[in-house]
Amino acid sequence: MIKIEGLSKSFKSLQVLKGIDLKVNKGEIVAIIGPSGSGKSTFLRCINYLEKLEYGTIQVGEVFIDAAEVNNKEILKLRQQCAMVFQNYNLFKNKTALGNITEGLIVTKKIKKKEAKEKSEELLKLVGLYEKRDKYPVTLSGGQQQRVSIARAMALNPKVILFDEPTSALDPELVQEVLNAIKALAERHMTMIIVTHEMTFAREVADRVVFMDGGVIVEQGSPEEIFDNPKDERTRKFLSFFSSI
Amino acid sequence: MKVKTNFDLNYFIEIVPALIKYINITLSLSVISMFLGLGLALMLQVIRMYKIKGLNSLAKIYISFFRGTPLLVQLFLLYYGLPQVIPTFKTMDAYSAAILGLSLNSSAYMAEVFRAAVSSIDKGQMEAALSVGMTHWQGMKRIVMPQALRVAVPSLGNVFIDLIKGSSLAFTLGLVEILAQAKISAAASYKFFESYLAVAVIYWIIIVVFNYLQSILENKMNTVY
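Chains E and H, in that order, are what the protein sequence lines are.
Going letter by letter, the first sequence gives residues 25 to 269 in this note's numbering.
Going letter by letter, the second sequence gives residues 26 to 250 in this note's numbering.
Calculated directly from the structure, the hints in this document are not laboratory data.
In this text the structure is predicted, and so the values were computed from the model without any measurement.
Among the hints, erroneous ones may be present.
Unchecked claim - In silico SDA-like cross-links for lysine to any residue, where the CA-CA straight-line distance does not exceed 20 Å:
hint, chain 1, residue 1, chain 2, residue 2
1, E, K117, H, M170
2, E, K159, H, R167
3, E, K255, E, F266
4, E, K42, E, D237
5, E, K134, H, K166
6, H, K245, E, K255
7, E, K117, H, M246
8, E, K119, H, K76
9, E, K97, H, H161
10, E, K117, H, T248
11, E, K101, H, T160
12, E, K97, H, M151
13, E, K117, H, V176
14, H, K148, E, I99
15, H, K190, H, L61
16, E, K117, H, K245
17, E, K117, H, Q172
18, E, K76, H, M151
19, E, K134, H, M74
20, E, K119, H, F218
21, H, K76, E, N95
22, E, K101, H, E152
23, E, K119, H, V178
24, E, K119, H, Q163
25, E, K76, H, R167
26, E, K117, H, G149
27, H, K245, E, T163
28, H, K29, H, K245
29, E, K119, H, M74
30, E, K76, H, L238
31, E, K117, H, K76
As the list claims (entries may be wrong) - A few chain E residues that face chain H, going by a derived Cβ cut-off under 10 Å, partial list only:
hint, residue
32, L38
33, R69
34, Q83
35, A107
36, T132
Where is the CB? At the ideal position from N, CA and C, for every residue including glycine.
Please put together the full structure from these sequences, using the hints given.
This is the structure we're talking about:
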């Protein structure tokens, strides 16, 4: 359902992504791991075209984009197929928890206000924040904000949700509530690509683990294959940091 | 030792109502210029933000010129200079010229206020707007601008205060507002101190009242989020 081919990206003279190919099936959960600076976050942002690609093609559902001949209309269509959960939550500061979720529905999905509100309230219940629906983001904890942002992503009914290190900015005691919210999505068979440093979580939730380093995919496979029998030296080296803890 | 002063309190009190008659000129100059200036500043901000070809460099020159030259010089250029080279402007009266000058001048300052306010908003806000499928313009209008406006309000208040005070320069175009009336009274009575003190107090009160209104607005905006 998602097919990415030859994706390349440079920041000035530094090439951060060197021709990445990735296929993701419907309902599949892919965890991307790798050292910092390996290009995994940039790769994720490219899928949503928050970063302009240099070369490559992206297909999400019906939408196909070729970096060589892309226009704003196609980018908008691509973004409407995807949803994103950011490391720093990025909730709309001028909207309440509920408003954050209804905003996309009303503006981009053209759903009626009342209907959007009902749907959003349901999603807030799912992430356990219905009581906070009228609160503004600044009054919520990091974990609560991230749960709202997960609900915001779900509301759009996307083909895929992209998670960019969703727990990296959180205090340790708040990580679990966010991971639980993501697990709840997994149970609903939502297609997800998750860039993460939570190895236990990746192992538990992901169908497939992708290890990236130096702007390329070094190896990928089932969690057991990657975590228990990594083939590449770089993967082994990276994972050894985590096993020692 | 008792210091003898010639301060004429009665005159000071009597002149106030005569000056207040012209307060509507001062206020209308400031308020109309503020709104026109705001509109222009928004246009300048959009031009600069989207780097609209041709207009972008013009906008830069415009802002640089109106911030880089004195308001008084700009008013003289508009009212005394422009009609000589472009005769259509001969029909422009002093009131319109003052409004034009004040609007152009304040718009350059407010464009800078908007630019700073927009750039103070975290980039993630726009990214989030794009990620839910909004266009850049929708994200600007619904998410970034409302937040930027809140940041801009205190500075916009300063621009308005400068406009109220700047409107006093309109007397140099022969327009009778409160300062011009104070000058006229002073010349007739030779009571310069009382006349100018009265006009100063009136400006001061206008601005104190405005500051109070602004603080109410700011409190209201801050309690929202």
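Is the hinted pair K76 (chain E) and M151 (chain H) satisfied, with a Cα-Cα distance of at most 20 Å? holds, 15 Å
Decide if the proposed pair is consistent with the structure: K117 (chain E) and Q172 (chain H), CA atoms, cutoff 20 Å inclusive. holds, 8 Å
Restraint check, 10 Å cut-off on beta carbons, for A107 (chain E) near chain H: holds, 7 Å
If you draw a straight line from the CA of K117 (chain E) to the CA of K76 (chain H), is it 20 Å or shorter? Outside the cut-off at roughly 27 Å; violated.
Hint consistency between K117 (chain E) and M170 (chain H) [alpha-carbon to alpha-carbon, up to 20 Å]: holds, 12 Å
Would the hint linking K119 (chain E) and M74 (chain H) be met if the CA-CA limit is 20 Å? violated, 24 Å
Within a Cα-Cα threshold of 20 Å, do K119 (chain E) and K76 (chain H) meet the stated pairing? Given that 20 Å is the threshold and the Cα spacing comes to 29 Å, the pair is violated.
Is K101 (chain E) close enough to E152 (chain H), meaning Cα to Cα at most 20 Å? holds, 15 Å
Would you mind confirming whether the straight-line C-alpha gap from K159 (chain E) to R167 (chain H) stays at or under 20 Å? Roughly 18 Å between the alpha carbons, so the hint for K159 (chain E) and R167 (chain H) holds.
For a C-alpha distance cap of 20 Å, please report whether K134 (chain E) and M74 (chain H) respect it. violated, 27 Å
Is the straight-line distance between the alpha-carbon of K117 (chain E) and that of T248 (chain H) 20 Å or less? holds, 13 Å
Are the Cα positions of K134 (chain E) and K166 (chain H) separated by 20 Å at most? Cα-Cα ~17 Å, so holds.
The structure fails to meet hints 6, 8, 19, 20, 25, 28, 29, 30, 31, 32, 34 from the earlier list, while all remaining hints are met.
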